[in-house]
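**Student:** Sequence:
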Amino acid sequence: MTHYDYLIVGSGLYGATFAYKAKLASKKVLVIDKRSHLGGNIYCEELEGINVHKYGAHIFHTNNKKVWDFVNSIVEFNRYTNCPVANYKGELYNLPFNMNTFNRMWPEVHTPAQAQAKIDEQKVEAVAALGGREPQNLEEQALCLVGKDIFYKLIKEYTEKQWGRDCSELPSFIIKRLPVRFTYDNNYFNDLYQGIPIGGYNVLTERLFEKADVQTGVDFLEDKEKYLAMGETVIYTGAIDAFYDYALGKLEYRTVRFETEVLDTDNYQGVAVVNYTDRETPYTRVIEHKHFEFGTQKKTVISREYSTDWKEGMEPYYPVNDVRNQELYQKYAALAEKEEKVIFGGRLGEYKYYDMDKVIEAALNQWEKMQR
Numbered sequence: 016m017t018h019y020d021y022l023i024v025g026s027g028l029y030g031a032t033f034a035y036k037a038k039l040a041s042k043k044v045l046v047i048d049k050r051s052h053l054g055g056n057i058y059c060e061e062l063e064g065i066n067v068h069k070y071g072a073h074i075f076h077t078n079n080k081k082v083w084d085f086v087n088s089i090v091e092f093n094r095y096t097n098c099p100v101a102n103y104k105g106e107l108y109n110l111p112f113n114m115n116t117f118n119r120m121w122p123e124v125h126t127p128a129q130a131q132a133k134i135d136e137q138k139v140e141a142v143a144a145l146g147g148r149e150p151q152n153l154e155e156q157a158l159c160l161v162g163k164d165i166f167y168k169l170i171k172e173y174t175e176k177q178w179g180r181d182c183s184e185l186p187s188f189i190i191k192r193l194p195v196r197f198t199y200d201n202n203y204f205n206d207l208y209q210g211i212p213i214g215g216y217n218v219l220t221e222r223l224f225e226k227a228d229v230q231t232g233v234d235f236l237e238d239k240e241k242y243l244a245m246g247e248t249v250i251y252t253g254a255i256d257a258f259y260d261y262a263l264g265k266l267e268y269r270t271v272r273f274e275t276e277v278l279d280t281d282n283y284q285g286v287a288v289v290n291y292t293d294r295e296t297p298y299t300r301v302i303e304h305k306h307f308e309f310g311t312q313k314k315t316v317i318s319r320e321y322s323t324d325w326k327e328g329m330e331p332y333y334p335v336n337d338v339r340n341q342e343l344y345q346k347y348a349a350l351a352e353k354e355e356k357v358i359f360g361g362r363l364g365e366y367k368y369y370d371m372d373k374v375i376e377a378a379l380n381q382w383e384k385m386q387r
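Take the sequence shown: its position 198, counted from the start at 1, is 213 in this note's numbering, and no numbers get skipped.
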């Protein structure tokens with residue numbers, strides 16, 4: 016049995032970044048993944064010459080120049096800018112909330128001062144209803160931030176589809192801040208750097224793993240002791256509760272189901288992302304993948320996304336950020352701290368929603384920490 020300096024469990028961005036740094040340092044690295052492909056959730060599948068984001072839309076954005084320089088040293092990025100649209104029963108609104116949104120919502124509003132006054136007017140009613148207490152749930156919090164018109168058309172029903180619960184049952188901290196801009200700017204992210212790898216994300220991950228030994232279709236947990244023995248250090252990016260065989264209980268997730276379809280048209284919706292914010296539309300959004308890379312193919316590929324509760328055997332996507340799950344995770348994290356050779360990282364290993372740049376940053380920081 017070959018022995019490695021590092022055994023990396025999971026081939027998402029955390030494992031890929033760590034593997035790349037380890038190989039640059041001439042370390043012996045084995046990467047295993049239970050899926051049949053590399054890349055974790057950023058994996059792309061080619062259909063009709065289009066890179067389809069198989070596990071949901073991934074748009075790279077960051078303010079961290081170190082991270083941006085790192086990924087661009089691996090692959091060149093294009094200039095894609097995320098400008099999603101919200102569709103509420105056929106009414107179209109620009110996201111994030113900005114002057115275009117406000118003018119569409121209130122046609123009499125044309126200036127930032129008018130928009131601020133309109134929102135302030137609506138917030139007063141929500142704040143008064145609290146009678147001096149702090150918002151206790153997401154609904155109260157959102158109403159105090161943007162008022163009823165934006166909340167009921169663009170937040171409430173969309174959020175309830177996402178989480179499978181009424182907004183009054185969701186904690187307020189989920190929506191402590193809402194991006195509200197008093198400019199005519201549809202760029203969703205404020206980050207300085209943004210784009211999609213030219214050629215798709217597979218180009219990025221394949222180059223990150225280029226010199227590592229890789230085994231796909233391998234389930235670490237089915238023969239944990241064997242694989243633990245193969246690495247001097249183990250980088251584990253799977254679910255932390257699964258590593259401990261759910262000894263303390265199971266962490267909860269939301270997951271996403273996709274319906275992907277090839278359409279005989281060159282342009283279906285004119286933008287990569289459309290959020291459907293009404294309850295009657297069963298899916299949360301539609302992704303038209305070719306727009307991420309300015310595609311000119313004769314056909315197009317769309318994916319409808321359906322948010323649902325996670326069950327055994329499904330892909331876990333979003334940690335359920337409530338008190339019960341955070342307390343349970345902290346108990347698992349305490350066990351993880353006692354591990355002598357296992358480092359837990361990434362979205363599942365840390366039970367944390369991560370943007371892509373933050374995953375890479377965390378992996379780079381972990382590598383640097385271990386070299387001190």
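Quick caveat, the hints were computed from the structure, so don't treat them as lab data.
Please note that a few of the clues may not be correct.
Using 27 angstroms as the maximum straight-line C-alpha spacing, the simulated DSS-like pairs for lysine-lysine come out as follows [as the list claims (entries may be wrong)]:
1. LYS346 x LYS384
2. LYS346 x LYS49
3. LYS138 x LYS239
4. LYS346 x LYS241
5. LYS373 x LYS81
6. LYS326 x LYS42
7. LYS104 x LYS138
8. LYS241 x LYS226
9. LYS80 x LYS384
10. LYS265 x LYS353
11. LYS373 x LYS226
12. LYS313 x LYS38
13. LYS239 x LYS49
14. LYS356 x LYS49
15. LYS239 x LYS38
16. LYS356 x LYS241
17. LYS239 x LYS133
18. LYS49 x LYS314
19. LYS104 x LYS163
20. LYS326 x LYS356
**Student:** Hint compliance check: list the failing hint numbers for this structure, sorted ascending.
**Tutor:** Hint check: 3, 6, 12, 17, 18, 20 fail, others pass.
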